[in-house]
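> The primary structure of each chain is shown beneath.
Protein chains: 2
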Amino acid sequence: MVAPLKLGIAGLGTVGAELFRLIARQDKALAARCGRSVRVVAVTARSKAKKRGIDLRGVSWAKSPLALATDPEVDCFVELIGGADEPALSAIEAALGLGKSVVTANKALIAKHGLRLAALAEQHGGALNYEAAVGAAIPVIKTLREGLAGTEINRIYGILNGTCNYILTRMEQEGLSFDACLKDAQRLGYAEANPSFDVDGHDTAQKLSILASLAFGTKVAQNAVYVEGISSIAPEDLAAADELGYRVKLLGVAVRTKTGIEQRVHPTMVPRSSSIAQVMGVTNAVTIDGDGLTPITLVGPGAGAEATASAVIADIADVARGIRALPFGRPVAKLGTTRKAPMERHEGGYYIRLMARDLTGTAATIATRLAEQGISIESIVQRHPNGNRDAAGAAKKSSPVPVILITYATTEDAVRRALAAVQRDKVISGRPQVIRIEKN
Amino acid sequence: MVAPLKLGIAGLGTVGAELFRLIARQDKALAARCGRSVRVVAVTARSKAKKRGIDLRGVSWAKSPLALATDPEVDCFVELIGGADEPALSAIEAALGLGKSVVTANKALIAKHGLRLAALAEQHGGALNYEAAVGAAIPVIKTLREGLAGTEINRIYGILNGTCNYILTRMEQEGLSFDACLKDAQRLGYAEANPSFDVDGHDTAQKLSILASLAFGTKVAQNAVYVEGISSIAPEDLAAADELGYRVKLLGVAVRTKTGIEQRVHPTMVPRSSSIAQVMGVTNAVTIDGDGLTPITLVGPGAGAEATASAVIADIADVARGIRALPFGRPVAKLGTTRKAPMERHEGGYYIRLMARDLTGTAATIATRLAEQGISIESIVQRHPNGNRDAAGAAKKSSPVPVILITYATTEDAVRRALAAVQRDKVISGRPQVIRIEKN
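Protein sequence lines, in the order shown, are assigned to chains A and B.
Okay, so the first sequence: first residue is 1 according to the working numbering, each after it adds one.
Okay, so the second sequence: first residue is 1 according to the working numbering, each after it adds one.
Calculated from the structure, these hints are not laboratory results.
Please note that the accuracy of each hint is not assured.
Distance condition first, Cα-Cα at most 25 Å in a straight line; then the derived SDA-like pairs of lysine to any residue [claimed, not checked]: (1) K219/A with A29/B; (2) K6/A with A29/B; (3) K334/B with P4/A.
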């Protein structure tokens with residue numbers, strides 16, 4: 001009989017408590033699957049007194065994450081504290097330095113310190129598993145790290161933030177404003193009191209940088225990600241997208257291009273028939289485009305205590321079974337440097353919404369400015385909201401009229417120049433809305 | 001430096017030849033990912049003379065699969081011959097008996113002999129990997145075997161046969177008949193000259209039995225699968241499904257029920273908004289419903305030389321890295337016996353299409369017969385095709401009129417009894433069409 005795997009859990013918030021319950025409930029199935037039992041021997045959290053609805057009898061309480069990580073009784077250190085730095089970092093380093101395995105759900109820490117920690121894990125022989133850090137229960141880390149070993153990946157993109165997808169879904173389905181949906185998301189606990197990290201795209205960028213490293217065999221480069229959030233998206237954009245056969249999603253996209261690896265997070269128009277367009281509410285999804293392969297899409301819950309605990313337990317089971325995959329799929333020393341593809345060189349189609357001051361003259365001006373930059377227009381929609389025309393059908397001069405354009409593939413640079421020229425021409429009011437299109 | 005992993009490949013059809021090319025092309029990336037290089041040292045196939053467009057210089061040619069499997073130069077035996085029995089079976093047994101690892105894409109063999117082979121692999125320490133056997137490049141075997149170790153799975157269902165999904169997609173999108181689409185599928189190489197194995201659901205059943213074993217920790221029980229094919233599906237059914245908010249897919253479904261494990265393959269109405277409903281053409285998809293979790297759906301290419309070779313190479317990489325997962329996720333001795341849930345006890349909603357001889361009397365009769373079995377009707381659509389009414393709008397007595405019903409959840413048994421009674425009443429012409437509904 002193999003000795004049980006002894007766990008130390010640091011952090012007993014909703015995920016930690018759920019993990020504790022899940023291990024108790026899945027006790028026998030886990031032992032059958034792993035060939036040995038899995039036992040929580042020690043825990044730590046900020047408050048010992050807090051009620052959590054879990055039975056901690058027989059489990060020792062460590063005085064700090066570091067004490068837990070270095071406790072000789074603990075074989076595998078499970079970090080559910082969160083935060084890119086201390087106290088999680090030192091505790092993980094200590095555990096890995098002792099040759100122990102570490103399981104973490106901490107995307108911020110992996111994005112920032114993952115390479116150094118992976119090198120430590122390699123050196124001392126422990127595992128560093130972090131399935132829950134991206135897409136929670138969706139097995140995307142395992143798929144990239146182990147499952148697609150023979151596939152050259154050209155592009156990976158996904159809906160990696162449930163808060164943003166919840167907001168965009170509500171806006172689309174109910175015609176509500178961004179602000180109204182954000183308030184609802186906060187009320188329902190899907191968004192933080194300070195929502196910037198989610199809605200401005202930074203959470204997605206951290207996750208994307210981890211996926212890009214695994215997909216392309218390059219070093220995690222969080223600072224190389226171009227980031228735009230969703231707060232500028234208006235109900236009009238979602239209605240126009242619908243009319244044109246698209247949906248708007250906040251995507252994280254990493255693509256291999258001639259100039260390097262392009263990593264970007266921004267609201268994106270995706271064809272309504274694509275797998276990714278069907279993903280609604282807090283659900284996450286990742287699509288992987290391989291060399292000569294039809295894309296693979298993985299869809300599932302990207303957050304929540306149960307989904308996160310489920311991914312953590314899968315990582316723990318791999319440790320128990322003795323599966324030791326390299327943290328980033330290949331030795332850290334063999335990871336390439338990420339050559340950042342400049343965003344100005346990005347190529348693709350664009351959705352552009354402008355508020356024309358006077359439709360007749362403006363359409364001609366816009367068309368000319370786009371043509372000067374070699375941009376071809378795939379379709380153009382001129383909207384006449386109620387009240388913009390008088391009884392005889394003539395446009396009222398005073399109120400701006402929305403003009404919506406879809407371009408054929410062009411470059412970011414060309415679009416920026418053309419729109420700057422249109423703004424200088426003073427034929428539009430306000431800032432142009434620009435949403436990139438991603439074809440499947 | 002670790003010694004290279006030496007492969008013997010049996011079978012050089014389109015998949016074998018593609019695998020050979022892929023290993024050559026991914027040479028360096030594979031070595032980086034596995035920590036050792038992967039080399040094809042020997043091969044075998046029916047004809048040595050056949051042109052395959054691959055360079056076999058420096059690779060020895062074995063006189064039979066068995067000779068290849070037992071060649072002391074071969075560490076890992078890759079079986080791409082196909083067929084549930086010989087010559088693949090003896091060669092795999094021999095390789096496993098020698099403690100070698102085996103990678104196969106052979107669903108028929110795994111469904112029929114997988115348990116015995118898994119026991120051999122456990123006994124002698126080799127791996128038995130078969131990711132390509134179900135859903136080709138979709139990492140569903142790895143996800144079930146390793147990735148969801150802590151999740152109690154309640155249901156798994158999927159589109160597991162690209163031929164059927166291609167036919168149903170064409171029928172739906174173009175209003176064509178089953179026969180016309182089958183002929184096209186044959187012309188394009190998506191369907192065999194003898195299409196029965198695919199279109200009658202047997203291919204799906206083999207794959208489902210493997211997934212069910214992994215999902216529920218039970219022995220593979222191919223004979224416990226209830227099987228219905230798609231040849232009875234008419235364009236009218238697809239049009240009615242569309243009108244009612246559904247699509248028709250050939251699903252393999254395995255569910256844990258009170259009476260045991262229900263395994264069934266049949267045309268199924270799925271809500272048009274579900275992830276699985278978006279899967280078109282030859283693409284495959286699998287949805288996994290876990291305890292308290294939002295379902296996880298994996299979508300991707302389910303067939304084709306590149307997709308299959310990609311899965312095979314991922315399995316080979318795991319062997320090279322020394323990852324040894326139990327073939328069915330837990331020891332064969334601990335797999336439960338599959339208690340077959342009888343199909344008569346199946347519970348769910350039903351779509352029923354009847355050809356009423358005379359609408360007025362028939363609707364009342366049908367409603368009575370359903371009510372007698374305690375079946376509630378969710379919706380009813382009476383169709384009046386052109387020509388069934390005269391100029392004044394009265395139905396012509398002679399031509400039958402389609403009546404389409406959607407029931408609330410009921411049992412298979414109740415539906416069968418009710419429809420038998422309706423047939424005895426002689427108010428309908430022909431056999432009723434029945435399609436089960438699967439909610440997401």
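> Work down the list of hints and note, for each, if the structure agrees.
Okay, the hints, checked on the actual structure:
1. K219/A with A29/B: The given pair, whose Cα atoms are some 15 Å apart, holds under the 25 Å limit.
2. K6/A with A29/B: Violated, at roughly 35 Å.
3. K334/B with P4/A: holds (18 Å)
Hint violations for this structure: number 2 only, all remaining hints satisfied.
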